[in-house]
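Undergrad: Starting from the known structure of chain H, fit chain Y onto it as the hints suggest.
The chain contents come next:
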Amino acid sequence: MLRYIGNRLIAAVPTVLLVTVLVFLILHLIPGDPAEIFLGENRSTPELLAKVRADMGLDRPLHVQYLSYMGGVLHGDFGRSLNNNRPVLGEILGRLPATLELTLAAMAIGTVLGMSLGIISALGHNTWVDTAAMALALLGVSMPIFWMSLLLIFFFSVHLNWFPAIGQGGIERLVLPAFALGLLSSSTLARLVRSSMLEVLSQDYVRTARAKGLRDRTVVLRHALKNALIPTITVLGLQFGQLIGGAVITETIFARRGLGRLYVDSILNKDFTMVQAMTLFLALAYVLINLAVDVAYAAVDPRISYE
Amino acid sequence: MNNPALPQQSVEPARARPVRARSLWADSLGRMARNPGAVAGMVLLALLVLAAIFAPQITRYDPAAITPRDRLLPPGAAHWFGTDAFGRDIFTRVVFGARVSLLIGIVSVLIATLLGVSMGLVAGYFGGLADALVMRAVDVMLAFPGILLALVIVAVLGPDLLNAMIAVGLSAAPTYARVTRGAVLQIKTSLFIDAAVVIGAPTWRIILRHLLPNILGPIVVVTTLGVAGAIIAGASLSFLGLGARPPTPEWGLMLSEGRSFLRQAWWITTFPGLAIMVTVLSINLLGDGLRDALDPRMKK
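Residue numbers (numbering that gives the first Met the number 0), protein chains in the order written: chain H, 0 to 306; chain Y, 0 to 299.
Okay, chain H solo, but in the shape it has when bound (with noise of 0.2 Å):
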């Protein structure tokens, strides 16, 4: 197992080295001088430009700047802002905490309610429940989510009045945004383990099961249950980059101090410098969970060797 983990590690080595090229790149392919941009246009003179340029590296060789951009990185240093010269990285490790509360929130929510859904479209498979849920699933994948949220401030807060509409702090401010950003995972969730559900139900040890006598319950879920979920582990992965490009809209629309809203607005404010190490922070932990999701894989499945 731990050799597994580890050859996976190591295959893992040149696609992030690779990442870490294309997000160093991100600040010399931008039209425009980051150096002229730090200063703001009016107070750029000739000799200012070449100071900042010298200051922040920018006259050396692309290749010795790659170079010290990773030294730098692997001592935790992303580089300063080039709104207000602060580390970065103190800015998003300040930024992470709401933005972790509202995925996984929104992960929990978009769990239960993705299964049940699933599980219950499968076991009334080809009844109106199933269609009935699976309509409800297909709206859900096709609702954009900033509309969603803007439905469910309408709703919950403007007319119920029932939670606040934005801001953040405390469980009553993170209810509608959870539930936004939940809805959209539980849609897919729920397509995928009714399908999952239908194909182990059709299998052998499920009509064993159920020939020797065993309740319903325990065959849907000691039996079937427990093997469709296989699948559905796979996209756990796939489910939290789809919550990050959520939390961006999310945070944006209910106005959270979160790594989605800051990234959209330092593109907005051209600082690429804060982009820079957003984009290499969210794409580490991507490659990670993805990992750690493989791993889980391979430990959930006997089937899979570790090799």
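Simulated from the structure, these hints should not be mistaken for laboratory data. Every value quoted in this text rests on a predicted model; they were computed, and no experiment measured them. It cannot be assumed that every hint is accurate.
Said to hold, decoys possible - Footprint (simulated), chain H over chain Y, 3 or more residues, beta carbon under 8 Å: (1) 61-70; (2) 128-135; (3) 197-204; (4) 213-221; (5) 254-261.
Stated by the list, open to error - Examples of chain H residues lying across from chain Y (beta carbon under 8 Å, computed): (6) 23; (7) 25; (8) 135; (9) 140; (10) 153; (11) 243; (12) 247; (13) 266; (14) 281; (15) 282; (16) 287.
The beta-carbon is built from N, C-alpha and C at its ideal position, and this holds for glycine as well.
TA: Positioned in the frame of chain H, the structure of chain Y alone reads:
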């Protein structure tokens, strides 16, 4: 196309009737026609395309005309969907918005298909070093979660509508590459490919004439569903201020502009929101129908 509703002219016994070879496509089309969801999706989509084409004929307002006197009017006889904060007719903007959103969907998917399918064909057919290189590139692109890759590309190119389409297209390409490669690997070992190689057909001909037509099924399915995804992604970028610029009648942008009027004027956000949902839903219905029809193993 084989239409089962046509009366059979032949009076010969069934056994003697010549067996008509039906192509995969005719077969699938027949199956699609019997799927109410797919038919509904197709009809809705056709209506939307018509609305987009004939937008100036459908409405008598100008989508960008600002009339301060008429601002924030609720839906009524003069303005079916009401007006926004600038007094612009929302129905008109929604109809013209169909042009923008369908364009986003088509252009992005075109970019994704051209790039992704070629990558997948090369990787799958040649294998070896080409495969390793292409798949490494795919892995790197897929290392950026969700919409993040599109955001990075927009950040580099600068926020506007065309760049948003490029960003959405590029970020979808790796998925297409994977699907194509998988399909190529499945049929590459078929006898008819060997036969083509043996008779000395040039490689480009084998790829384009023998390989590609036989993997069109999965590609058609991902591209169709891809249009739906691209429309949502494009609208999301515009909503965030990273896509279409005002006063473009883009649905995501309209929702974003109506956000601050949620309390007084629900119609500003509701109608473009509905428009996105109906469009995406119809494409998803069509895509799901295509997948079921093209994959005979999925028969219910």
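Undergrad: May I ask which of the numbered hints given earlier this structure violates, with the numbers listed in increasing order?
TA: Hints 1, 2, 3, 4, 6, 8 and 16 contradicted; others consistent.
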